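Student: When you get a sec, could you build the whole thing from the sequences and use the hints?
Line by line, the protein sequences are chains L and C.
Note that my numbering numbers the first sequence so that position 39 is 39, with each residue one more than the last.
Note that my numbering numbers the second sequence so that position 56 is 56, with each residue one more than the last.
Note that these hints are calculated values from the structure, not bench results.
Predicted, not measured: the structure shown is a model, and the values here were computed from it.
What follows is a list of derived Cβ distance ranges for each label pair:
(1) L:T20 x C:S27: 34 to 40 Å
(2) C:P61 x L:V5: 21 to 27 Å
(3) L:S10 x C:F60: 26 to 32 Å
(4) L:N75 x C:E82: 36 to 42 Å
(5) C:S86 x L:S52: 39 to 45 Å
(6) C:P61 x L:V12: 35 to 41 Å
(7) C:S86 x L:E55: 36 to 42 Å
(8) L:S58 x C:P61: 38 to 44 Å
(9) C:S70 x L:T77: 43 to 49 Å
(10) C:Y10 x L:G53: 42 to 48 Å
(11) L:E69 x C:E52: 39 to 45 Å
(12) L:E39 x C:L83: 23 to 29 Å
(13) C:Q17 x L:N75: 41 to 47 Å
(14) L:S58 x C:T38: 26 to 32 Å
In the BS3-like style, the derived pairs of lysine-lysine whose C-alpha atoms are separated by at most 27 Å in a straight line are:
(15) L:K41 x L:K3
(16) L:K3 x L:K104
(17) C:K13 x L:K40
(18) L:K104 x C:K57
(19) C:K13 x L:K41
(20) C:K57 x L:K3
Beta carbons are placed, not taken as given, at the ideal position from N, Cα and C, and that holds for glycine.
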Amino acid sequence: EDKVVQSPLSLVVHEGDTVTLNCSYEVTNFRSLLWYKQEKKAPTFLFMLTSSGIEKKSGRLSSILDKKELFSILNITATQTGDSAVYLCAVDYGGSQGNLIFGKGTKLSVKP
Amino acid sequence: KAGVTQTPRYLIKTRGQQVTLSCSPISGHRSVSWYQQTPGQGLQFLFEYFSETQRNKGNFPGRFSGRQFSNSRSEMNVSTLELGDSALYLCASSHGSSQQYFGPGTRLTVL
Chain L
1 EDKVVQSPLS
11 LVVHEGDTVT
21 LNCSYEVTNF
31 RSLLWYKQEK
41 KAPTFLFMLT
51 SSGIEKKSGR
61 LSSILDKKEL
71 FSILNITATQ
81 TGDSAVYLCA
91 VDYGGSQGNL
101 IFGKGTKLSV
111 KP
Chain C
1 KAGVTQTPRY
11 LIKTRGQQVT
21 LSCSPISGHR
31 SVSWYQQTPG
41 QGLQFLFEYF
51 SETQRNKGNF
61 PGRFSGRQFS
71 NSRSEMNVST
81 LELGDSALYL
91 CASSHGSSQQ
101 YFGPGTRLTV
111 L
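Tutor: Shown next as structure tokens:
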């Protein structure tokens, strides 16, 4: 069965801390792995990873994919209260493009 | 470019009723996917439409159906509502890649 597992499920840190969120997957026909941030309603796109070992960066956020070990990590440095959100990992697999399977998310709370 | 829009944003129904939700994708996007999000199950894929054809379907009962119109707008319908159908229903559009753009969702409450 195709699945995406995220850990931890929740995390509480203080402003300025660095956090690492994990995403492992088992899918039959991997195409890409995506990270989204969900604050209130609509998940907003962060990164899409297709190749192993190539780090994607955007400001204080970065992500890398390991296709051999079937996992990805999302790093957030110097966390701010505005980083508080649910971070979702999704994998595009099988069928036609656009078929995403999501992990349950990591709820990050950043305390001032 | 306007983002993905969904209507209505909130909906309250009673068991046994049916409901129709609407999604307008980003202009030029022909793929529309629907997801159900609940606290216990997370985001679960319902179905995907491309050029008015259902391309993929998730593991949901036949009470959940959808369609797409020639202008790429999509609707999903849930018949014979159950309490467990209470959820946030998210629509996402894409232009053919894995990257999907989500709408704000419709919060459905079934009493």
